[in-house]
Amino acid sequence: QKEVEQNSGPLSVPEGAIASLNCTYSDRVSQSFFWYRQYSGKSPELIMSIYSNGDKEDGRFTAQLNKASQYVSLLIRDSQPSDSATYLCAQTGGGATNKLIFGTGTLLAVQP
Amino acid sequence: GAVVSQHPSRVICKSGTSVKIECRSLDFQATTMFWYRQFPKKSLMLMATSNEGSKATYEQGVEKDKFLINHASLTLSTLTVTSAHPEDSSFYICSASGGGGPNQPQHFGDGTRLSIL
Numbered sequence: 001q002k003e004v005e006q007n008s009g010p011l012s013v014p015e016g017a018i019a020s021l022n023c024t025y026s027d028r029v030s031q032s033f034f035w036y037r038q039y040s041g042k043s044p045e046l047i048m049s050i051y052s053n054g055d056k057e058d059g060r061f062t063a064q065l066n067k068a069s070q071y072v073s074l075l076i077r078d079s080q081p082s083d084s085a086t087y088l089c090a091q092t093g094g095g096a097t098n099k100l101i102f103g104t105g106t107l108l109a110v111q112p
Numbered sequence: 113g114a115v116v117s118q119h120p121s122r123v124i125c126k127s128g129t130s131v132k133i134e135c136r137s138l139d140f141q142a143t144t145m146f147w148y149r150q151f152p153k154k155s156l157m158l159m160a161t162s163n164e165g166s167k168a169t170y171e172q173g174v175e176k177d178k179f180l181i182n183h184a185s186l187t188l189s190t191l192t193v194t195s196a197h198p199e200d201s202s203f204y205i206c207s208a209s210g211g212g213g214p215n216q217p218q219h220f221g222d223g224t225r226l227s228i229l
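Line by line, the protein sequences give chains A and B. Numbering-wise (our numbering), the first sequence opens with residue 1 and increments by one. Numbering-wise (our numbering), the second sequence opens with residue 113 and increments by one.
You may find that some hints are simply not true.
[Claimed, not checked] Derived DSS-like pairs: lysine-lysine, alpha-carbon spacing no greater than 25 Å straight-line:
1. B:Lys126 <-> B:Lys178
2. B:Lys126 <-> B:Lys176
3. B:Lys153 <-> A:Lys2
4. B:Lys176 <-> A:Lys2
[What the hints assert, rightly or not] So the derived label-pair ranges between C-beta atoms look like this:
5. B:Lys153 <-> A:Pro112: 18 to 28 Å
6. A:Gly59 <-> B:Met157: 22 to 32 Å
7. B:Ser227 <-> A:Gly59: 34 to 44 Å
8. A:Lys2 <-> B:Lys132: 27 to 37 Å
Just so you know, these hints were derived from the structure itself, not from any lab. Remember, predicted model here, so these are calculated numbers, not experimental data. All C-beta atoms in this analysis are idealised placements derived from N, C-alpha and C, irrespective of residue type, glycine included.
With the hints as constraints, model all of the structure from the sequences given.
Set out below in structure tokens:
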């Protein structure tokens, strides 16, 4: 059974701080990882994708992938109250399709 | 780019009604579309994977005769919840991918909130 695990939170950080969201996965074959943000009552929105070991930065967001440790993380710098949402980690399930396996999500609360 | 339109956004109907939900990729061709349902405070549950011109692949435990999926073109997939009952009330979300292998992300529609009375 392929699994993606996340701490459900809530993770509470003060405005302006760095929020660190973590995810572990069991399927070593998977090569593609994604972070989605989901506001309450809304559908997921793609934040970042990462395929290679190391860091990938996009604005205030940095994704980190460590395949040896089967670990992927998302850092949000200068956190804003508008970043408050559930963050879903996902990996492709392997094979030719890009069927995703989602974690249960981490609820982030940025306190003003 | 990569806009996925889903409608209706909300449906309220009586038990026994069949409900059709449409998912359209507006600015790209979606070789694969996915249908999810999500209960409150839970993660997304994949229901089925839909490839243009072929039968959908349903996840274990999802009744294919209950949830009919049609992917007739590269920009449109539909999910029909047949003879819906209150336990089918949920948030249904579609996503689409332009193909190109597992590195291609899925892009989500805005979801349909289905309430069966």
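To see whether the hints hold, each was checked on the structure:
no.: 1; hint: B:Lys126 <-> B:Lys178; result: 16 Å, holds
no.: 2; hint: B:Lys126 <-> B:Lys176; result: 21 Å, holds
no.: 3; hint: B:Lys153 <-> A:Lys2; result: 22 Å, holds
no.: 4; hint: B:Lys176 <-> A:Lys2; result: 23 Å, holds
no.: 5; hint: B:Lys153 <-> A:Pro112: 18 to 28 Å; result: 24 Å, holds
no.: 6; hint: A:Gly59 <-> B:Met157: 22 to 32 Å; result: 31 Å, holds
no.: 7; hint: B:Ser227 <-> A:Gly59: 34 to 44 Å; result: 37 Å, holds
no.: 8; hint: A:Lys2 <-> B:Lys132: 27 to 37 Å; result: 32 Å, holds
Violation of the numbered hints given earlier is absent; every hint is satisfied by the structure.
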